[in-house]
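Trainee: Since the structure of chain S is provided, determine the placement of chain Y on it from the hints.
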Amino acid sequence: MEETPKVLRKIIHIDMDAFYASVEQRDNPDLRGKPIAVGGSPQGRGGVVATASYEARKFGVRSAMPSKRAIQLCPAIIFVKPRFEAYKEVSRQVRAIFERYTDIIEPLSLDEAYLDVTIDKQGIGSAIDIATAIKGAIRNELGLTASAGISINKFIAKIASDMHKPDGITFIGPSRIERFVSDLPVEKFHGVGKVTAEKMKNLGLHTGGDIKKLSEQELRKHFGKAGSFYYKIVRGIDNRPVEPEQETKSIGAEDTFPYDLTKLEEMELALEKITETVCRRLDKHNLKGKTITVKIKYSDFKIITRSKSFSDCLNDHNSILAAARELLEKTEPEGAKIRLLGITISNFPSLLSKGNGKCAPGQLNLF
Amino acid sequence: MKFIVSSSQLLKQLQHINGVINANTVLPILEDFLFEVDKNKLTVVATDLETVMRIQMDIEAKETGKVCIPARILMDSLKNIPDQPLTFNIDKNFSVEITSDNGKYKVMGENPDNFPKEPTADDTTSFTMTATALVTAINKTLFAVSNDDLRPAMTGVFFELNKDYLQCVATDAHRLVRYKRTDVSCPKADSFIVPRKPLNLLKSALPDNEDEITLSYNSNHLFVKHGTTQMSCRLIDARFPDYKVVIPSDNPYKMVVTKSDFQSALRRVSVFSNKSTNQVALNISGSELQLAAQDVDFSFEGNERMKCQYDGEDITIAFNARFLIEMLNAADSEEVRLELSTPTKAGIIKPTEMDDSEDVLMLVMPLMLNQ
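Quick note, the sequences are listed as chains S and Y, same order.
So for the first sequence, my numbering puts the first residue at 1; every next one is plus one.
So for the second sequence, my numbering puts the first residue at 1001; every next one is plus one.
A few chain Y residues that don't get close to chain S, going by computed Cβ distances all over 10 Å:
hint	residue
1	T1064
2	L1078
3	N1114
4	E1210
5	S1249
6	R1268
7	L1361
For each label pair, taking beta carbons as the anchor points, the in silico distance ranges come out as:
hint	chain 1	residue 1	chain 2	residue 2	range
8	S	H285	Y	T1344	36 to 42 Å
9	Y	D1148	S	R280	26 to 32 Å
10	Y	I1315	S	E141	38 to 44 Å
It is worth saying that the hints were derived from the structure and are not from the lab.
In this text, all values refer to a predicted model and were calculated from it rather than measured experimentally.
Beta carbons are placed, not taken as given, at the ideal position from N, Cα and C, and that holds for glycine.
The shape of chain S in the complex, shown without the other chains (with noise of 0.2 Å):
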């Protein structure tokens, strides 16, 4: 069944503008206003550029492009070796200026990230005007631009940002979606390379309306499951939910035997053991889990792994062990030469409930 959001959801992509080579020009006021790319200088072997500056841009200058044909294309380029400690930094203030306006940040690298803002943490009001205060503060705080897109999903935040870089800031309601994927030339839809565009273009297909017009079937012919990803985000559809990364997914330990274990009570005791450390792992996070999965290695290092989950949380040393006595049982485990046992707790529930408890920007309380 094709699960449509029953809200609409307000997507921003933020983009930092030319992310390595922008950090190295507001840190040394010697390379502003210069052509620079950050990356391998072409003195060594196949160095390559990782980011341009826009004065380096102007001249061709590409992020992946070898040093050589850099140099070739503007041969005033200063060539500045990267700082990823210094990056990584900011890109944590950046993150941290997102936190403010909402909870749920998709990091894609050290420059990008989606934000979902449909839960307007301060009450601003509007996406549009979320996003612009976000650009503001990246400007105001840490000397750089970025570029924002705003939609009702990735896909289109996503290109929404890079419309009108640097510095831009494009929202794409949802009105214009079809219209705008209509136009848009195939090479610019994600996870469309050079060769699946070749691969396009010879079937005549050049932008998105042309893709429009195909079945799901024929897109699934051509494409494999890709093509239905095609078939969807051309119709404005892409309900990819923006996933914050979470701490801890999951908590467990295994143990290694100096022998093959071959006997039921032998297994047992070691899943007690192994037990006690998975309890004594998840009190240190206070964590408790739904999920508990068992691992075994046997001695032909072929693996095992089965799971099964709960309506309420494994939270003691008891019900972790008759779950894993059973799952460890279901493999009639009885004379097979068993190397390596684990336990795994996973499905925290605290992380997936987080949204709802939360309240609407601008509710008061009673108390």
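Mentor: For chain Y alone, kept in the frame of chain S given last:
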């Protein structure tokens, strides 16, 4: 052990208590019903360790005994068996065989000794009320209960007992409902908080009639008895917020509107509201109420105007429309009164008419208006 029971009666009784059982529980025995047979009486128990429900019914049996039977498979089979007497045969290994006119069905039961013990009703205080009074009290309050596990006191309904009334209060910190009945008398002034799940179960298990219900409680548990159906549940061990101080004593501006018209208008206009807030702004001036919702990003806008009786200064105040719609549901009168003071202070909703023995007061905090 062997007993004979009517299939439809058994199904009907089990449906009252089946909701207690969670799927995929950590303790597998919690997915079972406990059957206890004693002298032509069958008692069936379901529990999730917090809430326990039991029913009792007449059967034909010569022996006494107990067994745990997996609930889901039993319910699924009973739903499909036409009304007839069923014979249950349970052997020493707790294997259960059910014989009907259509055939035989077998399922493995479990040892009843492993079924969790029920809380004992020690040191209880009791009072009675009608089934309809309890069901009404639940219906009028449960919707306002909080889902926020971080504030456990608000995840249940607060029962306040007194010699000449029973008061039920629910709040999620944004709105509050206080429902009072003066036709219920409790032995002493006392209070406790009942979690959401048992109240939901009671709501569907109890008839909406004048049957007498007995409620007993001690410091940890509530016990509810209606004829042959019983429920016990653990009470929420937390302090309910001091709600009395947040009820405004005198909101000077009063508006009276037809409830159904107001509710329909809110439903229509809120379609165009910002979905994270459901914000609908009420602009009241003279005898006109304007409702306005918008979402700037999507260029959504909804506006309506309707007649009202208003006594007060012109005001613009915004609320979460869902809150208002739910609260209006809990008002049984044709018209409702909305009492306001300022755009940042709680509004009061009251039905304009009530039975003498009942009183409902609802509070709702506004949304800050976007500039």
